[in-house]
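Construct the complete structure from the given sequences, taking the supplied hints into account.
Going down the list, the sequences are from chains R and B.
Quick note on this note's numbering: the first sequence kicks off at 1 and runs consecutively.
Quick note on this note's numbering: the second sequence kicks off at 1001 and runs consecutively.
Since the hints were made in silico from the structure, they are not lab data.
Accuracy of the hints is not assured; some may be wrong.
Ranges between beta-carbon positions, derived for each pair [said to hold, decoys possible]:
1) Ser1008(B) / Asn51(R): 37 to 43 Å
2) Gly28(R) / Lys1056(B): 29 to 35 Å
3) Pro1009(B) / Val12(R): 24 to 30 Å
4) Leu83(R) / Glu1058(B): 23 to 29 Å
5) Ser65(R) / His1076(B): 30 to 36 Å
6) Pro1040(B) / Asn26(R): 20 to 26 Å
Even for Gly, the Cβ is constructed at its ideal location relative to N, Cα and C.
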Amino acid sequence: DTAVSQTPKYLVTQMGNDKSIKCEQNLGHDTMYWYKQDSKKFLKIMFSYNNKELIINETVPNRFSPKSPDKAHLNLHINSLELGDSAVYFCASSPFRFSNQPQHFGDGTRLSIL
Amino acid sequence: DQQVKQNSPSLSVQEGRISILNCDYTNSMFDYFLWYKKYPAEGPTFLISISSIKDKNEDGRFTVFLNKSAKHLSLHIVPSQPGDSAVYFCAATAQGGSEKLVFGKGTKLTVNP
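Here is the structure:
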């Protein structure tokens, strides 16, 4: 029974399209995150939600819009996809918003822009 | 602006020997550090952590050492096993700060049988 699940696992699409990635956690955690791992392999925080409230919003183009309908779900919608958006996107969750809490990651969504 | 640096992209050791993975940080506000392990096509999994009030934390075969004055931490795996072959990420945070983790680029460990 997967703790943090992301769909889809792979996403191949063309420049200019709009796409969404879904994330669900069944751990009962309050806090969820989106990370981007680019070609240089850095894992960088994009957004964090605590109990449906946005608490971290890094310098991310406003083409990226997270949505948290409830504390178990955090979806990522991306408008007007660009070549530079190609990356692996990881969803994660932690029990509370404090950064010393170990985060549980999904297996990632590999986004490829043609 | 790499606040967390893992300068060795890869490390290869023999089964049964010690693996030492290193991590340096530049932000003196960081006071909590975590190591994550990642297998291909999977997400990172939490391995071990250390607070800046300690200089060592041990969990089975895994020990993390922190040298605050040098802004350096290391992960020791003894004895290394082939199943330890993975990418290891160091991460740091300022607990009273921005609530976010800053990750290093990772070190790929290969343990040869």
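Status of each hint after checking the structure:
no.: 1; hint: Ser1008(B) / Asn51(R): 37 to 43 Å; in the structure: holds (39 Å)
no.: 2; hint: Gly28(R) / Lys1056(B): 29 to 35 Å; in the structure: holds (32 Å)
no.: 3; hint: Pro1009(B) / Val12(R): 24 to 30 Å; in the structure: holds (28 Å)
no.: 4; hint: Leu83(R) / Glu1058(B): 23 to 29 Å; in the structure: violated (45 Å)
no.: 5; hint: Ser65(R) / His1076(B): 30 to 36 Å; in the structure: violated (43 Å)
no.: 6; hint: Pro1040(B) / Asn26(R): 20 to 26 Å; in the structure: holds (24 Å)
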